[in-house]
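S.K.: Listed below, chain by chain, are the residues.
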Amino acid sequence: MSAEQAIFYFFSAVLVGAGAAVVTVRNPVHAALFLVLAFFTSAALWLLLEAEFLAVTLVLVYVGAVMVLFLFVVMMLDINLVPLREGFIRYLPVGVVVAVLMFVEMALVVGSSYFGLERFGSPPRHPADYSNTKELGGVLYTEYVYPFEIAAAVLVVAIIAAIALTLRRRPDSKRQDPARQVRVRREGRVRLVSLPAARRPAQGEGSSES
Amino acid sequence: MEAVASMAFQVPDMTPALPEIFVLTMACIILVVDVFLPERRRALTYLLSLATLAGAGILTLALHEAEPRVTFGGSFVADTMADVLKVFIYLVVATVFVYSRRYLAERGLFRGEFFTLGLFAVLGMMVMVSARSLLTLYLGLELLSLSLYAMVALQRDSARAAEAAMKYFVLGALASGILLYGMSVLYGVAGTLDLAELGAQLSGPAARDPALVYATVFVLVGLGFKLGAVPFHMWVPDIYHGSATAVTVFIGTAPKMAGFALLIRLLAEGMQGLHVHWGQLLIVLAVLSMAVGNVVAIAQRNLKRMLAYSAIAHAGYLLLGIVTGSAEGYAASMFYVIVYAIMSLGAFGMILLLSRQGFEADHLEDFKGLNERSPWLAFIMAVLMFSMAGIPPFLGFWAKFTVLQAVVRAELVWLAVVGVVFAIVGAYYYLRVVKLMYFDRPQGSAPLPAGGEARFLVSVNGLAVLLLGIYPTGLMALCAGSFAAGG
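The listed protein sequences correspond, in order, to chains A and B.
Numbering of the first sequence is given in this note's numbering, commencing with residue 129 and proceeding in unit increments.
Numbering of the second sequence is given in this note's numbering, commencing with residue 1226 and proceeding in unit increments.
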């Protein structure tokens, strides 16, 4: 086994283990952390494939931004796990049978007999000055400009959906309007009322003007 | 095409994709314009959306050429099938917008998002219809699906709509994942995303690779979910029933045509060499869909649920044409899906038309004695129901006829017999609606809503089913022409 294969198997094992842990651990915060581990190991696998731009992006965007936000959300939500786990035992036998069947089928087909190195040789090595980022940049806005633009449209839809589903105008909610605050004039707030002077009561302790 | 082509890169010819570019631009403009509109001017959004669809239709027709035009490095194609389907998608979606206007306004849903999401869904369908690579096919599907999930969820105050949106989203994501996995294995074996190249590589002896059989199964499961074919149909009734009817009619019409294009692009163009594998699997899906859809629809008391099961049954008939693997069968399926979209548009449009503030006309009882209250609407509904049941001379008969004819030509006579038997079973629940309208006493005496332009369009819709049923050759020739060049 070459060093490369050893590294691949190590990271793959960690990835599969982390992936399984994401769906099995009880604590949602731990699940999110295992997802971070899964992202890191898949980034390592991409590095092995000389796709360093994707690897760096995965760590920066998914681990650095998406998962941090996700962790915040998970920590703030008070998730009651009991109803989520209801029926787990009841559906377990069926689930296990289906999962084992799928796994055996997949192992038979996606094994080395059909996807081994004899059929698909390892990709050619690139020289040290090869830049994956540059290559991606070369095709992303030329060859793949059409799918790229559709992906942008998908993101726009996601934004519209998120805003349309969460933004509610609540007329009764108190909120600040800086523009109105700045525009406030003295005349709008202070009203001078001239009251006729009243003679104090004889004892003169409490003031009656208000 | 070389991967390192940045130097020799030529700017792609964008003219074939002008309709897509137009719809995207207009959707973004409408999105921004709508934000600045006061509530009482909301009708402008609606009119701009209709204008967008009309403009896209004009562009598509003006740019149409008999020869397929490929651009964007082979990921986009505008051929006859794409142009015909696109024009019908614009027509159907524009009609949906007109039908739903009053319904939406009465329920506080007449918001700009309904129309912008609708236009993005139209864009997704256009991308699917014109896709020539696995990547664009999938992205178009996601653009369509995401817009639909959001449209279902727009009715925030309804617990049933929220449940439907959640189910739709989770099952849709699962289906996308399965489809994508199948596509990834296809890519792994063939090493190309281009559907034409894929079709060339997967023909001949290479098609016997077990990895391809495995990929086919995953692709078919994903497609089955998206089409709502049995046994992947569980979501259909709940989503049809749970969504606001205006959204149901959107989901139940135009996306079916995009789904047909998905089948054709993926199975007929990319995987024609694997027909031995997917043909057999599709037969199972088709027979189960016709059986379960038609039989379970009988038990429904809710018209939306009944039409949902009817959609499942119709998906079965749609698959019959694809099963044959011949150009004739594909053309028959295309005719079927266009006809189905027109018929279900009318049937859901009738529910929208009869609904009023705080009242949904989606129970079978609501149609009792419709003839006494409005003979004209009862007649239109009867035409639509006869057509869905496949009774001559209505359009639905020709749809079933051409599909079954293609099946018989492919020497699958037993399959055609099964199709006819379940069509007869299905006729029961369509004709029950007609019986309720003409032979039962009306339950309420509340006056029917006036309707206005929606009433006019429903009438046109119903009459189109009748007249096209008498002269079906034009539409049939259009579909046959889409596959004449060897598609």
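Please note that a few of the clues may not be correct.
Okay, the calculated beta carbon distance ranges per label pair [said to hold, decoys possible]:
hint, chain 1, residue 1, chain 2, residue 2, range
1, A, 293, B, 1456, 25 to 35 Å
2, B, 1435, A, 138, 27 to 37 Å
3, B, 1235, A, 295, 27 to 37 Å
Simulated from the structure, these hints should not be mistaken for lab results.
C-beta atoms are modelled at their ideal positions from N, C-alpha and C, and glycine is treated no differently.
S.K.: Decide, hint by hint, whether the structure agrees.
M.R.: Right, here's what the structure says about each hint:
1. A:293 <-> B:1456: 25 to 35 Å: Between residue 293 of chain A and residue 1456 of chain B, where Cβ atoms are some 31 Å apart, the hint holds.
2. B:1435 <-> A:138: 27 to 37 Å: Given range 27 to 37 Å: holds, Cβ gap about 29 Å.
3. B:1235 <-> A:295: 27 to 37 Å: violated (44 Å)
Consistency note: the structure conflicts with earlier hint 3 alone.
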